[in-house]
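Line by line, the protein sequences are chains A and B. Just so we're aligned: the first sequence equals residues 138 to 254 in the working numbering. Just so we're aligned: the second sequence equals residues 6 to 115 in the working numbering.
Please keep in mind that the hints were generated in silico from the structure rather than gathered at the bench. Some hints could be false.
Which chain A residues stay away from chain B? Per the calculated CB distances, all over 12 Å, these [what the hints assert, rightly or not]: (1) 149; (2) 152; (3) 201.
Derived list of chain A stretches under chain B, where covered just means 3 residues or more per stretch with a C-beta under 8 Å from a C-beta of chain B [to be verified]: (4) 206-212; (5) 215-225; (6) 246-252.
Just so you know, even glycine gets a beta-carbon here, dropped at the ideal spot from N, CA and C.
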Amino acid sequence: GAGVSQSPRYKVAKRGQDVALRCDPISGHVSLFWYQQALGQGPEFLTYFQNEAQLDKSGLPSDRFFAERPEGSVSTLKIQRTQQEDSAVYLCASSRPLAESSYNEQFFGPGTRLTVL
Amino acid sequence: GENVEQHPSTLSVQEGDSAVIKCTYSDSASNYFPWYKQELGKGPQLIIDIRSNVGEKKDQRIAVTLNKTAKHFSLHITETQPEDSAVYFCAAGSARQLTFGSGTQLTVLP
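Put together the whole structure using the sequences plus the hints.
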């Protein structure tokens, strides 16, 4: 399997719990994106990494959301003190841009469905 | 920031007919416009994309048109097949950030 993988596929948390969602991008892809997809809606941008550098985190909805990619490969999205409104599918995508401004296909993982009770 | 509107939200067509989905965007700086297909329980998959220096692009049964002056772009699927049934999303933005539309549920009736 050479695609983007995410784990867990499903996560149920009680309100107030912390969760960590993992993304394994395609090997060699330097760009990594996190999106939040509410039911019946399109994905919403959360954050963007180029290698280990988090270049854009403008979409993170609050300071309870934190993402990291310490070695420029696997990434983790952490949500602290989860709230019911955090319930959504969290999608990870990776791409391998040939240049800073080039446009390359974003390959999406299957997502993690988070339900906060 | 960018705002993308997508219409219609649902679309039913007979097998073999054409389907058209339309999107508008607000930010004139957007220069990349991909279309994604999402099946139930899966992540979105790119089906076609277009860049701002091109007005039209075609790939077999799928075509996309872009009108930068009017800030709208459209997806055309010809000779639809049941396996085309899915949710389709348009998006607008740049290499670093995309804003997605709210999706169109396409159903192809056999």
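Cross-check of the supplied hints:
For residue 149 of chain A, the condition that its CB be more than 12 Å from all CB atoms of chain B holds, with the nearest at approximately 17 Å. At roughly 25 Å, the least C-beta separation between residue 152 of chain A and chain B is larger than 12 Å, which holds for a residue marked as non-interface. Chain B leaves residue 201 of chain A outside its interface by the beta-carbon criterion, the shortest separation being 21 Å against a cut-off of 12 Å. Only when three residues or more bring their CB closer than 8 Å to a CB of chain B does the claim for the segment 206-212 of chain A stand; here the count is 0, and the claim is violated.
Given a C-beta distance limit of less than 8 Å, the hint that chain B covers the segment 215-225 of chain A is violated, as 0 residues qualify and 3 are needed. For a cut-off of 8 Å, the count of residues in the segment 246-252 of chain A with a CB near a CB of chain B stands at 3, and the three-residue condition holds.
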